[in-house]
Amino acid sequence: MKYIIVTGGVISRIGKGVIASSVGTILKSCGLRVTSIKIGPYINIDAGTSSSYEHGEVFVLDDGGEVDLDLGNYERLLDIHFTKDNNLTIGKIYQYVINKESKGDYLGKTFQVDPHITDAIQEWVMRQSLIPVTEDGLEPQVCVIELGGTVGDIESMPFIEAFHQLKR
883 MKYIIVTGGV ISRIGKGVIA SSVGTILKSC GLRVTSIKIG PYINIDAGTS SSYEHGEVFV
943 LDDGGEVDLD LGNYERLLDI HFTKDNNLTI GKIYQYVINK ESKGDYLGKT FQVDPHITDA
1003 IQEWVMRQSL IPVTEDGLEP QVCVIELGGT VGDIESMPFI EAFHQLKR
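FYI, the numbering used here numbers position 164 of the sequence shown as 1046, with every residue one higher than the one before it.
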């Protein structure tokens, strides 16, 4: 699996979604199997509870997931189908880690952003990027990841650290 990460630096709403979907479309036209993950640094669990005034319209997936509109653009441009887990927020990650801690998965140890949150982000991305998104059921070869928000967003920091660790 190869990963392409599209970030926006310090400015939000500069067209990361258009760039990510365009890159995916170019790769697909070259014969590669492409998937995508949209990451938002929001504590919201899904886009259905986000402010549409601040974040744009919600796109509803076949599985009922309410996600960022960018995923709708990816689906249409790439002619693929996502699940709600292709939309990742820091809220989903925190919920995932807290549920694991509640079940005793950390064996009573203190869990922290690094390594527990960053590890959970990496696990989520690596697991989700392998899920087939086309009718042929073949595993994708490339995952285009849009990291929303800005580098200055404190909520983005675990994602940025996870991707630094992912390439090691």
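Where hints are given, some of them may not hold.
[As the list claims (entries may be wrong)] Here are the simulated DSBU-like cross-link-like pairs (lysine-lysine), alpha carbons at most 30 Å apart as the crow flies:
{"no.": "1", "residue 1": "Lys898", "residue 2": "Lys910"}
{"no.": "2", "residue 1": "Lys884", "residue 2": "Lys991"}
{"no.": "3", "residue 1": "Lys884", "residue 2": "Lys910"}
{"no.": "4", "residue 1": "Lys910", "residue 2": "Lys985"}
{"no.": "5", "residue 1": "Lys982", "residue 2": "Lys966"}
{"no.": "6", "residue 1": "Lys966", "residue 2": "Lys985"}
[Stated by the list, open to error] Pairwise CB distance ranges, derived in the manner of DEER restraints:
{"no.": "7", "residue 1": "Thr907", "residue 2": "Gly930", "range": "23 to 29 Å"}
{"no.": "8", "residue 1": "Lys982", "residue 2": "Ile901", "range": "17 to 23 Å"}
{"no.": "9", "residue 1": "Ile901", "residue 2": "Ile925", "range": "45 to 51 Å"}
{"no.": "10", "residue 1": "Lys985", "residue 2": "Gly1019", "range": "30 to 36 Å"}
{"no.": "11", "residue 1": "Lys884", "residue 2": "Ser984", "range": "18 to 24 Å"}
Please keep in mind that the hints were generated in silico from the structure rather than gathered at the bench. Note that CB positions come from ideal geometry on N, CA and C, so glycine has one too.
Of all the hints given earlier, name the ones this structure violates by number, lowest first. Those not satisfied are hints 2, 4, 8, 9 and 11.
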